[in-house]
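Chains as they are written, first to last, in our numbering: chain A, 1 to 308; chain B, 1 to 343.
By construction, these hints were calculated from the structure, which means they are not laboratory data. Some hints here could point you the wrong way.
If you want the footprint, here are the derived chain A segments under chain B, 3+ residues with CB under 8 Å [to be verified]:
no., segment
1, 130 to 139
2, 174 to 184
3, 289 to 303
Note that CB positions come from ideal geometry on N, CA and C, so glycine has one too.
One letter stands for each residue in the lines below.
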Amino acid sequence: MTLEGVTNSPQNLPEASHEPQFRPNLQSRYRWEICFKVATIAALTIAIVVLAWLMLDVLINGLGSLNWNFLTSFPSRKPEEAGILAALAGTGWVMLLVAIFSFPIGVGAGLYLEEFSDDTWFARLVEINISNLAGVPAIIYGLLGLTAFVLIAGDWTGGRSILTGALTLTLLTLPIIIVAAREALRAVPNSIRQAGYALGGNRWQIIWSHTLPAAFPGILTGMILALSRAIGETAPLIVIGALTFVPFLPEGPRAPFTVLPIQIYNWVSRPQKEFHDVAAAGIIVLLVVLLMMNSVAILLRNRFQQVR
Amino acid sequence: MPVETPLPRSTNLWQANYRSAKAVEIVVQLICGLCAVISVATTVGIIGTLIFETIEFFKEVPLWRFLTDTRWTPLFASKQFGILVLISATLLTSAIAIFVAVPIGLLSAIFLSEYASPAIRKIFKPLLEVLAGIPSVVFGYFALLTVTPFLQKMFDLVRTPIEIPAGLSFLPFTHYYEPDYFLELPFPYLEGFNALSAGLVLGISITPLVASLSEDALYSVPQSLRDGAYALGATKREAITAVVMPAALSGIVASVILAISRAVGETMIVTLAAGQNPTLGFNPFVPVMTMTAYIVQVSLGDTAVGTLSYKTIFAVGMTLFLMTLTLNLFSFWFVRRFRERYE
Numbered sequence: 001m002t003l004e005g006v007t008n009s010p011q012n013l014p015e016a017s018h019e020p021q022f023r024p025n026l027q028s029r030y031r032w033e034i035c036f037k038v039a040t041i042a043a044l045t046i047a048i049v050v051l052a053w054l055m056l057d058v059l060i061n062g063l064g065s066l067n068w069n070f071l072t073s074f075p076s077r078k079p080e081e082a083g084i085l086a087a088l089a090g091t092g093w094v095m096l097l098v099a100i101f102s103f104p105i106g107v108g109a110g111l112y113l114e115e116f117s118d119d120t121w122f123a124r125l126v127e128i129n130i131s132n133l134a135g136v137p138a139i140i141y142g143l144l145g146l147t148a149f150v151l152i153a154g155d156w157t158g159g160r161s162i163l164t165g166a167l168t169l170t171l172l173t174l175p176i177i178i179v180a181a182r183e184a185l186r187a188v189p190n191s192i193r194q195a196g197y198a199l200g201g202n203r204w205q206i207i208w209s210h211t212l213p214a215a216f217p218g219i220l221t222g223m224i225l226a227l228s229r230a231i232g233e234t235a236p237l238i239v240i241g242a243l244t245f246v247p248f249l250p251e252g253p254r255a256p257f258t259v260l261p262i263q264i265y266n267w268v269s270r271p272q273k274e275f276h277d278v279a280a281a282g283i284i285v286l287l288v289v290l291l292m293m294n295s296v297a298i299l300l301r302n303r304f305q306q307v308r
Numbered sequence: 001m002p003v004e005t006p007l008p009r010s011t012n013l014w015q016a017n018y019r020s021a022k023a024v025e026i027v028v029q030l031i032c033g034l035c036a037v038i039s040v041a042t043t044v045g046i047i048g049t050l051i052f053e054t055i056e057f058f059k060e061v062p063l064w065r066f067l068t069d070t071r072w073t074p075l076f077a078s079k080q081f082g083i084l085v086l087i088s089a090t091l092l093t094s095a096i097a098i099f100v101a102v103p104i105g106l107l108s109a110i111f112l113s114e115y116a117s118p119a120i121r122k123i124f125k126p127l128l129e130v131l132a133g134i135p136s137v138v139f140g141y142f143a144l145l146t147v148t149p150f151l152q153k154m155f156d157l158v159r160t161p162i163e164i165p166a167g168l169s170f171l172p173f174t175h176y177y178e179p180d181y182f183l184e185l186p187f188p189y190l191e192g193f194n195a196l197s198a199g200l201v202l203g204i205s206i207t208p209l210v211a212s213l214s215e216d217a218l219y220s221v222p223q224s225l226r227d228g229a230y231a232l233g234a235t236k237r238e239a240i241t242a243v244v245m246p247a248a249l250s251g252i253v254a255s256v257i258l259a260i261s262r263a264v265g266e267t268m269i270v271t272l273a274a275g276q277n278p279t280l281g282f283n284p285f286v287p288v289m290t291m292t293a294y295i296v297q298v299s300l301g302d303t304a305v306g307t308l309s310y311k312t313i314f315a316v317g318m319t320l321f322l323m324t325l326t327l328n329l330f331s332f333w334f335v336r337r338f339r340e341r342y343e
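The following block holds chain B by itself, in its conformation from the complex (with noise of 0.2 Å):
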């Protein structure tokens, strides 16, 4: 709406053009709108996509085998769609992440905020968010080079037979060689790819990020909780565990959660350690191959657009993509459910 200005306007030398300002605003204001658009045709897209090419998938390869089968096998001649295969090795790598991340994250984040004084809490809240921002690809070369055989020793080491007298030997697992025997525990065999070392360096990549969300969470308790659980005659712990965890409960929860879906959509980590070998179960001493390992596996060869193996992976995506979507909404209902408000 443009505005008369009250003077006569031959008086003054400075004409204020309040048409072409307000086109100005307007057209900006129009662009930045299709800016956000943009955000909302990603979403668009992704969905779009995945959708589409699943359909092409399930023209072919009907649901109920996509669930049932219990191999995985797309790139052979004898073809089936087991997708519960990749589905059990994505489980198994991101649970064994979260024993690792949430332990020790938690803990971090609990030091950081309740314990640690300022100087150092400015010292390592920085560098969490550093460490939170290493590549994936690097916690790969650390997984498969460094862990699995660093494992590996430790494991055969215990697999070590123990000599031991004869007198002993109505004890469980022992075995008779000349001339001695032996103790020798049935302690498995770690390959060099496999589950475990691919899961403990996962969770290692997402510790950060569960400190560093957790500490947050922690550290916006207001002191006046703390006071009142001393006045209480609640010790540090005491308050800790049974006032300050509570009221930032939602915050934590939340940063597990990210964490989960984040364990779940790593790719670079599992596909270099955990290995390209799809079984159905979870073993975490063998290699398995996760739903993302198997999207680059396909990436990596040349497959033409629009084969069967090509629509895969979509349907592939599509069952992660449904994994963390509804991770993430879990995660918007609880923190709206239980988020704790203080003033």
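Excised from the complex, chain A in its bound form (with noise of 0.2 Å):
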């Protein structure tokens, strides 16, 4: 550890010197401290500008195309008449389906690797993989899923359809809710389960009473952000192979279907201008999606931490 002008080490003087041999320099420290902390706002600064920026330039442009018919229209070759209609559908059905697919696998998990196991080399071997898992890009989900969900299984989720998409974005977003099934399982108080043990309920019996109860706003909190995360996913799923032009509605979770962001990567991809508002439009719809379930989440923990 350096202190400048602190841990000048004096040894080194001669030892007639009778020169003071510490200098504060207090001015230019003073200077110096100056500059950081201003350094500091600038940096926080900056990047909130550039992100205000953002969110204005994508207001700008797409609240001019921005209607209901926009809402409740198929995509088309004309840019004032295309909407968003099979992608709202196409995200709906997938987002329904990873919470249904996501939320059993993810607390059941959470639960075995907080209540059910000691410390096995299973239970260190789930622990190290979740983490690693978290760490793998989101692209290489969408190759397993091409393998696994497509070829594979591929009679029975019907190919490059809703399932495969959901069964993809739920292995993706299972490292997520997991962790924050067993943050919330650890914040249950331990007094909660030794006194539904001191009533003579087994393990399994105060989990389903008093654990779990107590935990779940927090693993709904974390469940919400999971999907908020699944919702702007693009790469796997083009992996997986969904489709960008999509002029019907999907019939069933074995149907061919787009997304959202998939939705937009194919206006913005194209030359015409017109369909660049087109773009933001249908980004200001997948982000007002998105805030919306992050104010649930936020609100949920809100009230969850005014109950404790």
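Once you've looked at the hints, go ahead and assemble the two chains, each given alone in its own frame, into the complex.
Have a look at this one:
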């Protein structure tokens, strides 16, 4: 540890020196002090300003195209007729299925790690595995989904279908949900479990009647945040072969589909300026959905914190 | 193990059914264990898939060509498979992103943790978390349609010839046009797709991640360490750079490595803004093609299963996976090695 001006070791100086050996040099240090503080404020300002620029840019370009027609019509070759209905329906289907699949699996794995398992090799393996999975790029999950759900289980999932997309995104969100479930379970005070044991319940009875209800808001918050990450995922769904032009509503989980971010990607990558404005309108819809999910999560978290 | 009740059964209306309760518990435990197995199976599936298809790929293309070719043209008639071309583009965009994200993110974290009042911190911390969740396709839109035109205007502005008096014609970069001398800087031309704006926006997109995680690390350094530094006569900046930051080093480095691995695996920003043109080199002003952009390009086309170009995306995916895995393992090692624990 070096403090400038403080630890200039005096041993090196000649012994007979009568000059003061320690120079606080306060003026220049205070000047540095101010520079540093200004730099930190500037950094945060730059980050916020750029992100505000992004938001404003999207709003200015997109609001013109955003109307009821846009929400209720199918994509079109003419930008003024293009709509987002098929993508909204696809996103809704995929999110619903992801929630149905990932909630029980995530909570189950969280319960296993937090409540059932001792510190065995298997528990540690799962733990290391989860933190590793969280660092795998999303597009790699797409390659897994392509092989596992399109090629191997294609007869069952219907190939490049909503079900395939939902299963792929489920695997992608599982690490997040498991971590959130574990944190929520860990936050339940041990006294609650012990009170249950004192009444003669066994482990599962106490989990079901006490621990899970107490941890539920926390788990739900983590679940919503995980879904809000999944809703913006584009790359894995492109890899498993979601379509970019879908002029129909999906009939069921085995139907081909598109989702909001893919539709936006498609519009952005077209050369015409008009489609870029349509893309901005699509981005506004996506961000509004995200904002609603995040506010529900924050509301839940605040309510949860007040109760405890 | 069933436990016998000590009371005579006939006198009790209520009877504890230990056996079925135990059976339910065991079944539930098994189901939960299976859920945990699914997450392990995911890893096994990822590695298995990548290895299987990569081996298939290397049956057709020798490894040394994959590593030493200097062009990447698997979709053309004359096929070349120089992965270095894609890696160089990925490294270029990621490096630009890190140069943006680390200073801005770290300084923002220092401000929020050390200088900001609790009220300001309470506003900006959740805001950062929300910003970290903006989908990457939104940033892709921003990079391609806003930042690139803006940078092009800036570049043109610098390149605009400036009229100078004839007497100063000895200056470098001056040209004689009728009827005057002009000073024209040899500034590069920015193409519509380029690694520069993709990298810059990629950096902005991972800044909230760096800021949020580094702030957690800085904030958890105990106050007593700062007080100790002040007692030795340190100013606030000295306390931060010499005491607080070293104490939070493992967390800061972990956040930076996570950001790098996010930047390497990021797909939509680089696909949209950096272009689809595989070129070897580190020129940030021309279109390049990253590894992720190649996977997207092949996936969007109609590529039949089992063809060579289908196998290439798995070989590229394997390379990407190995890169991020190395980063993650390094991060685990670093955190375990350098973590400071405080009571």
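Any of the earlier hints contradicted here, and which numbers? none
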